[in-house]
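Starting from the known structure of chain A, arrange chain B on it as the hints suggest.
Going down the list, the sequences are from chains A and B. The opening position of the first sequence corresponds to residue 422 in this note's numbering, with each subsequent residue numbered one higher. The opening position of the second sequence corresponds to residue 83 in this note's numbering, with each subsequent residue numbered one higher.
No more than 27 Å apart at the CA atoms, straight line, and that leaves these computed lysine-lysine pairs for DSS-like:
hint	chain 1	residue 1	chain 2	residue 2
1	A	711	A	613
2	A	871	B	223
3	B	85	B	296
4	A	845	A	871
5	A	613	A	592
6	B	92	A	871
Computed, partial: chain A to chain B, Cβ under 7 Å:
hint	residue
7	878
8	881
9	882
10	883
11	885
12	893
13	897
14	898
Keep in mind the hints are simulated off the structure, nothing from the lab. The structure presented is a predicted model; accordingly, all values stated were derived computationally and were not measured. Glycine included, C-beta positions come from ideal geometry on N, C-alpha and C.
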Amino acid sequence: MTEPTDLDVREGVDRETVETVQNMGSYKYGWDTEIEMEYAPKGVNEDIVRLISEKNNEPEWMTEWRLEAYRRWVTMNEPKWAMLNYPEIDFQDQYYYARPKSMEEKPKSLDEVDPKLLATYEKLGIPLKEQMILAGVEGADEAPAEGRKVAVDAVFDSVSVGTTFKDELAKAGVIFCSISEAIREHPELVKKYLGSVVPQSDNFFATLNSAVFSDGSFVYVPPGVTCPMELSTYFRINAENTGQFERTLIIADKGSYVSYLEGCTAPQRDTNQLHAAVVEIVILEDAEVKYSTVQNWFPGDENGKGGIYNFVTKRADCREARAKVMWTQVETGSAITWKYPSCILRGDESQGEFYSIAIANNWQQADTGTKMVHLGKNTRSRIVSKGISAGQAQNTYRGLVSMHPRASDSRNYTQCDSLLIGDKCGAHTVPYIEVKNTSSRVEHEATTSKVDDDQLFYCRSRGMDEEEAVALVVNGFCREVLQALPMEFAMEAQSLVAISLEGSVG
Amino acid sequence: MLKIDNLHVKLEEEDKQILKGLSLEVPAGEVHAIMGPNGSGKSTLSYVLSGRDGYEVTEGGATLEGEDLLDMDPEERAAAGLFLAFQYPVEIPGVGNMTFLRTAVNAQRKARGEEELSSGEFLKLVRAKAKDLQIDAEMLKRPVNVGFSGGEKKRNEILQMAMLEPRMCIMDETDSGLDVDAMRLVSDGVNALRDAGRSFLVITHYQRLLNHIKPDVVHIMSNGRIVKSGGPELALQVEEEGYGDLLAEAG
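Pulled out of the complex, with its shape left as it was, chain A reads as follows (with noise of 0.2 Å):
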């Protein structure tokens, strides 16, 4: 017999996703918060490039870090191989730096912080405890927590705005704290990790990433330890034409364990604005690292007005012996996606997983998949990619798969499928394989189909309507991919499935 207490929670998830469709507008999170910002001027120049540098106190080492990537960028060209269809972005007339004003100084109590930000913490809805961190009152983080633990690093545009359970954490050895504050504190593992995995030179967007990026995440897992509670930032955009350009840098030394969660909103604008993130995870011995994103940028409107324009570099690198790292990505927002989660595995008997969800409706246009390199022995990865596409919007999986000649006995798995919904939309699949030994052995399925109408029409003899049909099969289409995340983020994930569907049937 079953306990009723499992099954409760996997009901309790999908009765929310019914009840949110039919309850939600479009995009939930289109609001936006009228704070008092600081700009820095429009463009980017070295001088911008030292007053980013300079405002988050850097030392002379990190400057010239930036200004080596600037001049490195100012050389090089867009990229523009992905199928992706978008107006030229001019660099220029972006804003490079925004924070809010009320971050300059430290508030002492939770009056005395801008009650617009605390507004704007409980619409992502973090919990209030969180939120008086966040808003870095002093002396909060020793208040008792309440309700799961989740330590949470909140980035208002450019500027980490605050951290919870610190002490905590830091109790476990763990360190968890803001790039800049990293940077500052703990320059012997920034300058050691810091490029290590996305150099400075990899990509034009990671390299003007390297020049500009304003702040990010840092982790510290130490030898041995097992991250005591989740990790987890959220990403604000609220400025407008403001680009955001955060770094995280993740790394688990010898044999750590430690799972991370990425949640990411903007308000809803009818200018395009640029996001341009990095994301390092270095992967010791024996270490593993899950790393989950709900990315829900927005996707401009029905017809195709504003939206983010989301050009990612995320990068594992398992670096030695037995390191495991996992990338789940729930993508359902952002007018363009580019993005490709990758996995070195470089350490003999690594392993890489990718487990993926793309989710283009209206105009979107999604260019998104992985790369998994095999350097090491014995290594193995997987790839679950599931694509839906809806509206106009146009949806491509690009991955590599390269076995390299010392990779010996390694394998890999994909699994590529394509969801079509309407006859507007586009599903496209790329696959790059190279096996350069004799030993190793890789597979690829790949489906492509158009959403069921005797699964819609049973659902429908069976009481729910359109929506809610849709919404039940896709959400079954995405199992394999939604239960590879933690439970909180699986619940989000659900609903975000429907919402993100709305309008595209009927």
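Just chain B now, with coordinates in the frame of chain A:
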């Protein structure tokens, strides 16, 4: 309960008339059987009544307790109390059977302005009903109809029927693909649901199902119409003599 009047239906895609003036009335509390040779339009009738796309009603109509059925969306018909047990139940990968059932039950309750069932209430109910049909917890957790045997699929249809408590149940060849034991389970499930406020329209090729589910009236269907109606003895006659004489007699 269900009243079908001079129903003419053609396939949307090809100009082919399937139902040619079918009339039928199933009063509340009665079980009616429709028998007929292949291609007489039995399955079309069940699909048209439940609202599947691809059919065009060219003449006549159908009402459920006085309400025009053919005007409603499939989900509205379901909420109004119509249920079709499919001849070929559809597989929905990744969606747990329990999730499916609960979504359906609550969607109907919501449409009727009733309170949704809590997880506790729902679980209690589904377990009791599943037990009667010998459906175990494992089968409730598996994805809808995926990897189910023929018998499991049909039992699952009856479970849905039991949970949704429709007033008008149409069963489309529920006996096809069932062995003797499964047929008994399914029939027991159906018989347990019989009451004064609920009607059944049982579509079948064979008389044997009607040994278990005793009909009040048997209709013989041929070439898109009801050609003869009578008591249960009509089914026995078909079993013994085949359709030949009956159809010849009806002209």
